[in-house]
Structures are given as structure tokens and as C-alpha cells.
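Q: Sequence:
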Amino acid sequence: MTTHPRIEEHPDLAEMRSRFERATTTPRAQAIETLALLTGLYLAASPWIVGFNGLTTLAVCNLITGAAYVLCMGGFGSAYERTHAMAWCAIAIGAWTIVAPWVVAGNVDTTRSIVSNVIVGAVALLLGLAMAAMDDRMTGRMTGRARAGAAPNLDPMR
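In the numbering used here, the protein residues as written are -4 to 153.
Don't read these hints as lab results, they were simulated from the structure. All figures in this text were calculated on a predicted structure; none of them were measured in a lab. All C-beta atoms, glycine included, are put in the ideal place defined by N, C-alpha and C. There may be inaccurate statements among the hints.
What follows is a list of derived Cβ distance ranges for each label pair [said to hold, decoys possible]:
#1 Thr21 - Asn102: 44 to 50 angstroms
#2 Leu66 - Pro22: 20 to 26 angstroms
#3 Leu36 - Thr105: 19 to 25 angstroms
#4 Arg23 - Gly101: 18 to 24 angstroms
#5 Val110 - Leu36: 32 to 38 angstroms
#6 Ile44 - Gly101: 18 to 24 angstroms
#7 Leu66 - Gln25: 15 to 21 angstroms
Model the full structure from these sequences, guided by the hints.
A: Structural data, given as C-alpha cells:
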């Protein structure tokens, strides 16, 4: 009877894990994650910082979306291979933050709430896009096979 190695020991899986580790240890990735965490914390606290906490529906909306954004973007440094798809959720949260003053119930579209939400939403959206684009192709590093002298992988899905 033949025994096969476990899937965790597969060479492609090991290469993918090392690629993800290289992507998250760059200063660029660490800066994006730090800025994203600060953006989420600001979004959660913005009703009290900017002064529209009397607009209860938008204040609660910003508190929830800020906490969700921090949770989405907070796991990248420690577990990028399991959380990089969450960047698309962070992009959706950023887009929602931009339109929230006009969509949530009540008359909450004041100058303060609109300016704050549009700016923090745009920053959140851009940081989510930057994290979604984080890859070896963006950092300019070669994969292990390319460094070893093998032919470059021209597969666009990889």
C-alpha cells in the first residue's frame, strides 16, 4: 500500500504560504494594515469626534461598520493566507460608509456627517483596494521556482 504525503506538506502549498508571508512582512503591507486599523477606529468613533452623535442611526451605523472594518483588516499580519479575501468586504464597507448619510433612516445628512463619512469611506475603500492588490506581483518578488532558475510562470491566474 502506498502512502501519500499530507496536503499540508505539498510543495505548492508551502510556496503559497511563503509568498503570503513575504507579502505581509513588507513595510508597505504593514503600513496599509496600520492605516486600516486607525481608519476603522476613527470610523467607529467619528460620531463622537466630529459631533454628530445626536444622529443616532448614523452614529450606530458608523460604530458597527468601524468595528467590522477593524475586524476585516486586522487579521492580515498574522493570517494573510486565510484573511486576504476579507479585503473585498473592507472595500464594500468603505463604499457603504460613503453613501450611508443618504441611505440610513432619518435626516442625518448634515455637513459634518457627509464630510466625515465621505473622507473616511474613501480612505477605507482605497486601503481595502491596496490590501486586495497585495501580492508578489505588486512587491516585485519572484517565486521560489523562478529564483531556482525554472521558467517563469505565465499563468495569469497564479
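Q: All the hints need checking, so say for each whether the structure fits it.
A: Structure-based check of all given hints:
no. : hint                               : in the structure
1   : Thr21 - Asn102: 44 to 50 angstroms : holds (45 angstroms)
2   : Leu66 - Pro22: 20 to 26 angstroms  : holds (24 angstroms)
3   : Leu36 - Thr105: 19 to 25 angstroms : holds (22 angstroms)
4   : Arg23 - Gly101: 18 to 24 angstroms : violated (40 angstroms)
5   : Val110 - Leu36: 32 to 38 angstroms : violated (18 angstroms)
6   : Ile44 - Gly101: 18 to 24 angstroms : holds (20 angstroms)
7   : Leu66 - Gln25: 15 to 21 angstroms  : holds (18 angstroms)
When held up to the earlier numbered hints, the structure conflicts with 4, 5 and fits the remainder.
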